[in-house]
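Protein chains in written order, with this note's numbering: chain A, -15 to 522; chain B, 73 to 133.
Warning: the hint list may mix true and false statements.
Pairs of lysine to any residue residues, derived as SDA-like cross-links and limited to a Cα-Cα distance of at most 25 Å, are as follows [stated by the list, open to error]:
| no. | chain 1 | residue 1 | chain 2 | residue 2 |
| --- | --- | --- | --- | --- |
| 1 | A | Lys178 | B | Val127 |
| 2 | A | Lys178 | B | Ala101 |
| 3 | B | Lys105 | A | Val506 |
| 4 | A | Lys478 | B | Glu75 |
| 5 | A | Lys262 | A | Gly173 |
| 6 | A | Lys408 | A | Lys2 |
| 7 | A | Lys2 | A | Phe30 |
| 8 | B | Lys105 | A | His502 |
| 9 | A | Lys178 | B | Phe122 |
| 10 | B | Lys105 | A | Leu101 |
| 11 | B | Lys105 | A | Lys262 |
| 12 | A | Lys178 | B | Val111 |
| 13 | A | Lys478 | A | Gly399 |
Treat the hints as calculated values from the structure; they're not laboratory data.
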Amino acid sequence: MSHAATHDHHDDHHGAPKSFFQRWFMSTNHKDIGTLYLVFALVMFFIGGSFAMLIRAELFTPGMQLMQPYFFNQLTTMHALVMIFGAIMPAFVGLGNWMIPLMVGAPDMALPRMNNLSFWILPFAFTLMLSTLFMAGGGPAGGWTMYPPLSLQSDSLAYVVFAVHLMGISSIMGAINIIATILNMRAPGMELLKMPVFVWSWLITAFLLIAVMPVLAGAVTMLLTDKYFGTNFFNPGGGGDPVLYQHIFWFFGHPEVYIMILPAFGIISEIIPTFARKPIFGYKAMVFAIASIAFLSFIVWAHHMFAVGLPMGAEIFFMYATMLIAVPTGVKVFNWVSTMWGGSMTFETPMLFAIAFVILFTIGGFSGLMLALVPADFQYHDTYFVVAHFHYVLVTGALFAIIAATYYWLPKWSGRMYSEFWAKMHFWNSVIWVNVLFFPQHFLGLAGMPRRIPDYNVAFANFNMISSIGGFLFGASQLIFLGVLIHGVWFSKKKATDRVWEGAKGLEWTVPSPAPHHTFDVPPVIHDDELAHGHVND
Amino acid sequence: MPEAAGRPEKPIHMTQPKMQHAAIDQYDAERRKGVRRTVKILVVIAAAFFLVSFVQIVLMK
């Protein structure tokens, strides 16, 4: 008998529908829907990655190599839209779906049928958006920000706006579900300030989503009516103002950046204590730091617009507000390092990715501070320095956290241990080539190379070639990840134990591996010593 | 490092006390009521932010 709970029907191994269609298309189970989100995100990651490979191939040497400039612009636009809305966000939602109910002792999400709908909207939205690449006028080419009047020139605007609406509806429904689950479905004794940091990070992220996705919907609806229904929200000829679009877009766009990084903070706060074998240092400070970052994210949007001609007072305000974010972020980095300090650390793949996250995300944070300075931003604006900055934040930040979480929880999901050797091969290749890919882009930006161009001055040739080589090898490294996943899910002979990792604590490790189809039908009673962060009031 | 397989340590869930059935029914009813209330509030917030984006544009013009 491996698990007593199986026998008292506390955890049901046998509840999954037998038919493939019923299980995967009509599922209301949080684990199955979590898996669907994660698989979808992986597919989108490779599609968005293939666009990135084409972009780097075009930029390998100066001059036009492989494609027309308009198609290059479509690639940069689609790469961003697919990676942001199709890969990073759904991956976090998938991790939340899988782990939040397990971490708070809930039997499922609060609204399981809405959960199914939230997911199944996404494949339609992305099919619609990607199909524009095959249409006569081509796909959207005005950048993921869709600034008018450029975006209004695209024939595919209506398709993209409809796809963005669908993604927004999916995200809002997902966020409502997550908040309702966390606020109402926690097991008795799981008080708010005893919840794992990952759950806290998702609670705060979900509030951000509910506040800003409707604003994006409003902004793109106005684009649509400007193009097709004769309104002039953003048309100066009719009394409108295109800069207003930028304000409203970035009121969504900056919190969106934190939507993509706060759950990553939560993941890292779960992994580091496990492999340092210590409770997280400053649990409450970690939670309040996430909340502070979320609040500040609403009052910094215009730092994306320093170059449009804002009043000096506004530029000073947004500069200082942006720099203020470094304070709670610094608290988090300090606490992660303090958690590791004096711990009995071991360096399995999730921990390696978590440590890489702390170091490389901090580099992205520092370049963000540089961009926050108004006079400096006038030099950096729209250069490759910005590209380097946000890729350090989103690739070595958000993506590395997602990969770390996958290695950390995969044995719990599949019941099998992945190959540690190949996972470490994946780590070392990723961490080396990602720096070869993005670090030279800082120098390109400082030297004045603009972003979103298919051709460039020969002075930028060397760093572009290095960056492209890094890009190809980073892309190839992700095929190792795919191999490790396939082996770890279906072919590994090494079974995972319930707790999986020696230092792991928290409710998710109290259920069998693989996690049964139904868990916590009878709510567990929580004791402080079973929680990852120990006694909170100590 | 991965936990050693076949370790004789007792899984935590075996030692955890569970709630009684009567308490669970009441707990479920409260949860359902709480979920309905939470969803209503959140839908109102989302709708308000959608409308505010239009109002903001009109006011700024």
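For each hint, the structure was consulted:
1. The straight-line distance between the Cα atoms of lysine 178/A and valine 127/B is roughly 40 Å, outside the 25 Å bound, and the hint therefore fails.
2. Taking the CA atoms of lysine 178/A and alanine 101/B, the gap is about 23 Å. The hint holds against a cut of 25 Å.
3. Taking the CA atoms of lysine 105/B and valine 506/A, the gap is about 19 Å. The hint holds against a cut of 25 Å.
4. A hinted pair counts as satisfied when its Cα atoms are at most 25 Å apart, and lysine 478/A with glutamate 75/B qualifies at roughly 12 Å.
5. For the hint linking lysine 262/A to glycine 173/A, the alpha-carbon distance of about 22 Å falls within 25 Å, and the restraint holds.
6. For the hint linking lysine 408/A to lysine 2/A, the alpha-carbon distance of about 36 Å lies beyond 25 Å, and the restraint is violated.
7. Restraint check for lysine 2/A and phenylalanine 30/A: not satisfied, since their Cα atoms lie roughly 30 Å apart, outside the 25 Å limit.
8. For the proposed pair lysine 105/B and histidine 502/A, the alpha carbon gap of about 22 Å is at most 25 Å, so the pair holds.
9. Restraint check for lysine 178/A and phenylalanine 122/B: not satisfied, since their Cα atoms lie roughly 33 Å apart, outside the 25 Å limit.
10. Note on lysine 105/B and leucine 101/A: the hinted pairing holds, with a Cα-Cα distance of about 22 Å set against a maximum of 25 Å.
11. Under the criterion of a C-alpha separation no larger than 25 Å, the hint pairing lysine 105/B with lysine 262/A is inconsistent with the structure, at around 38 Å.
12. For a cut-off of 25 Å, the pair hint linking lysine 178/A to valine 111/B stands: about 23 Å separates their Cα positions.
13. With a C-alpha separation of about 9 Å, the suggested pairing of lysine 478/A with glycine 399/A holds against the 25 Å cut-off.
Hints 1, 6, 7, 9, 11 from the earlier list are contradicted by this structure; the remaining hints agree with it.
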